[in-house]
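*Asks:* Spelled out, the chains give:
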Amino acid sequence: MADEPSLPTLPKGQVTFPFGDRSARKRGLSFYGPPSSSTSSDPAMFSSDDDPAVDNYQGQGRRKKRYIGTWYDQQPALSSDSAMGADGETPQASSKHRAPAPPAIIARRQKREFKKLDSGIYMSQDGGLTDTDLEELAPNHVLPIPPRVEPRVRLSDNEMEAQDRIISCFEEGKEVVPLDGLGLESISDQILEPIAQIRPVPTVEKDVSFEHQDPAIKVFLSHNALKTVPMSLFNVEFLTVLTLRSNCLTEIPAAIGKLQNLEELNISQNQIRFLPAELLDLTGPGKKLQKLYTQPNPFWHWILRPGTFDEGSTALEIGMGEFGQADPEIYSAVLTRTPVEFLDGAQQARSTFRLPLGKDSLSDSEVVLETESLSRLEVPRELGMEQRSRGATTRVLNPRGARSLFELALHACVKSGHADEISAWLKDEDLPAGFAEAVDEAAKVELQGGMTCAVCGRQMVLPMTRWVEWHVFRGHSYPHRTGLPFLKHGCSWKCVPPLVEPAPEAVSTGDDSDFEDEDTITA
Amino acid sequence: MAFNGNSGNGAPSEYITLISSDDFEFTVLREAALISKTISRTLSNPMMEARTGVCHFPEIRGVVLEKVVEYFHYWYKHRDQLDVPDMPIPVELCLELLMAADYLGMDSKPASRDAF
Numbered sequence: 001m002a003d004e005p006s007l008p009t010l011p012k013g014q015v016t017f018p019f020g021d022r023s024a025r026k027r028g029l030s031f032y033g034p035p036s037s038s039t040s041s042d043p044a045m046f047s048s049d050d051d052p053a054v055d056n057y058q059g060q061g062r063r064k065k066r067y068i069g070t071w072y073d074q075q076p077a078l079s080s081d082s083a084m085g086a087d088g089e090t091p092q093a094s095s096k097h098r099a100p101a102p103p104a105i106i107a108r109r110q111k112r113e114f115k116k117l118d119s120g121i122y123m124s125q126d127g128g129l130t131d132t133d134l135e136e137l138a139p140n141h142v143l144p145i146p147p148r149v150e151p152r153v154r155l156s157d158n159e160m161e162a163q164d165r166i167i168s169c170f171e172e173g174k175e176v177v178p179l180d181g182l183g184l185e186s187i188s189d190q191i192l193e194p195i196a197q198i199r200p201v202p203t204v205e206k207d208v209s210f211e212h213q214d215p216a217i218k219v220f221l222s223h224n225a226l227k228t229v230p231m232s233l234f235n236v237e238f239l240t241v242l243t244l245r246s247n248c249l250t251e252i253p254a255a256i257g258k259l260q261n262l263e264e265l266n267i268s269q270n271q272i273r274f275l276p277a278e279l280l281d282l283t284g285p286g287k288k289l290q291k292l293y294t295q296p297n298p299f300w301h302w303i304l305r306p307g308t309f310d311e312g313s314t315a316l317e318i319g320m321g322e323f324g325q326a327d328p329e330i331y332s333a334v335l336t337r338t339p340v341e342f343l344d345g346a347q348q349a350r351s352t353f354r355l356p357l358g359k360d361s362l363s364d365s366e367v368v369l370e371t372e373s374l375s376r377l378e379v380p381r382e383l384g385m386e387q388r389s390r391g392a393t394t395r396v397l398n399p400r401g402a403r404s405l406f407e408l409a410l411h412a413c414v415k416s417g418h419a420d421e422i423s424a425w426l427k428d429e430d431l432p433a434g435f436a437e438a439v440d441e442a443a444k445v446e447l448q449g450g451m452t453c454a455v456c457g458r459q460m461v462l463p464m465t466r467w468v469e470w471h472v473f474r475g476h477s478y479p480h481r482t483g484l485p486f487l488k489h490g491c492s493w494k495c496v497p498p499l500v501e502p503a504p505e506a507v508s509t510g511d512d513s514d515f516e517d518e519d520t521i522t523a
Numbered sequence: 001m002a003f004n005g006n007s008g009n010g011a012p013s014e015y016i017t018l019i020s021s022d023d024f025e026f027t028v029l030r031e032a033a034l035i036s037k038t039i040s041r042t043l044s045n046p047m048m049e050a051r052t053g054v055c056h057f058p059e060i061r062g063v064v065l066e067k068v069v070e071y072f073h074y075w076y077k078h079r080d081q082l083d084v085p086d087m088p089i090p091v092e093l094c095l096e097l098l099m100a101a102d103y104l105g106m107d108s109k110p111a112s113r114d115a116f
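First to last, the protein sequences are chains A and B.
Note that my numbering gives residue 309 to position 309 of the first sequence, counting from 1, and the numbers run on in steps of one.
Note that my numbering gives residue 93 to position 93 of the second sequence, counting from 1, and the numbers run on in steps of one.
Because the hints were derived from the structure by calculation, they are not lab data.
For each residue, glycine too, the CB sits at the ideal point set by N, CA and C.
Among the hints, a few may not be true.
Covered by chain A, according to a simulated footprint, are these stretches of chain B (three or more residues, beta-carbon under 8 Å) [as the list claims (entries may be wrong)]:
| # | segment |
| --- | --- |
| 1 | 14-23 |
| 2 | 48-62 |
| 3 | 78-87 |
| 4 | 99-107 |
Within a straight-line C-alpha distance of at most 30 Å, the following computed DSSO-like cross-link-like pairs (lysine-lysine) qualify [what the hints assert, rightly or not]:
| # | chain 1 | residue 1 | chain 2 | residue 2 |
| --- | --- | --- | --- | --- |
| 5 | A | K415 | B | K37 |
| 6 | A | K291 | A | K206 |
| 7 | A | K227 | A | K415 |
| 8 | A | K291 | B | K37 |
| 9 | A | K218 | B | K37 |
| 10 | A | K258 | A | K218 |
| 11 | A | K206 | A | K227 |
| 12 | A | K258 | A | K427 |
| 13 | B | K77 | A | K427 |
Residues on chain A that point at chain B, a partial pick, calculated with CB under 7 Å [unchecked claim]:
| # | residue |
| --- | --- |
| 14 | V241 |
| 15 | L405 |
| 16 | A409 |
| 17 | S416 |
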């Protein structure tokens, strides 16, 4: 150490604060070595500089100071607990004193400062670690799999505003949550979660006994730009009014069936083409849904067959008309339906009829679907073969028994939360067609809160049949003649709409409440 | 067994043996294993498997085949019930099980596609 050239004294005020400097000297592995004085191995060697700025080393051929042994061996004058700067000086303050000091003191101060530098880096300054340091540490200290970092939800200004409103409603016990006109394109579930916890402040009066009252939460999301209905809304048990008017929705999730307390639903002025069958479960006698505003929306139409109804009412009427009109006392009856689309386990259609459910179906033009008489059912050729060949052992025909292993595995894939990765992987491999599609479809179903069979009411991963039924509601002021399309799913090829005798007179009165025959599985 | 189209050497056993790629052997109730279209076809054809009741699956690992066998009995136990609790499937096996289910014909596909 003595043969090292001593450093020139630094000019005042030029000492930079060493901790923030990313170009700080690299700490060698020797730093972690055992204390040199007590072991047989070579003493640890390290070097330092009181100013780690890189320009000290440029072009001058200047060498770093080297120290041999542990750092505390270099500091005999100080007590052992002084590592965090016992002299209480900032580096700038110490540099002030340095210039007039004699050389011996300079050397001590330098050592002291070095010690401080190390402490600082070692404690918390990861900016002080160079890449090489990390590489050296990597085998022992870095986990083989980097922990999954949840992407930080960045809230837009609109979402912040929505959050403020929700929180103020929550704090003040207001049951009306106004989120309209905020221009929201999406809203994270996390923001909406407090809505489910809103409870009204009970009015306490003298001589009036306290009565528990369920909240009646009203959420207004009209005049936004939502593309999907936020799923956390369906966890709000006491949601009574939900307004989604004037958004960009294309579908209403099946989870709407969870809102058993819903009294009023407004989905007008969207891009909705069909409604989920689960919405029907909210209507009818004994159910709470009283008002359903649906128009205008580009709903699927059906062609009126000559002679079925009076020709004056064409499907085109449905696209126009007044909106925001109350449709009280909902009570539905099936008007007509499409042929049934039969699917296999990998979501490949087996029937000639196909519902336009793909991505390309989202056009502005009106879609007219073909219909089938309620008294007949077109089945694919495979159904007969299936009945002959396999009997009751397959889920295709028999919804009884366990789900197929394929379905179960698919369900596990989707539940794992990595459905997108899995489906991407399935696309790469040389696998039977439809695997990736099935995973995608199952993931979509899962995201929408599951799917139940419209015929036997069982939960399912993927539909085996699907069809669209147009329902009319008694007292529904609009549309009278064409009804509203509801997409229904069946969990086996036996789960198909029941065959009924055509009864056109039931249409106008809507009295035919037993159109949903629960016993069709046995048919 | 009525399911076995081949008379073979005497009456076929009530159980069959499935062997995985890593040589794990599973003995399964024959009737339960017939849910797999592939196995039922193999056993009904006049092949060696039909006589011996031993099927080799060089594509399926032992852990996966174990789960498949578990499914056979799970299915067999619940074959006529309407509400069946889902069998738990570990996430790490779900992809391989998806493949195995497809290979073994244990999905909701109509018969025609699988016919030779």
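*Asks:* Output the numbers, in ascending order, of every earlier hint that fails for this structure.
*Replies:* 1, 2, 6, 8, 9, 11, 12, 13 and 14
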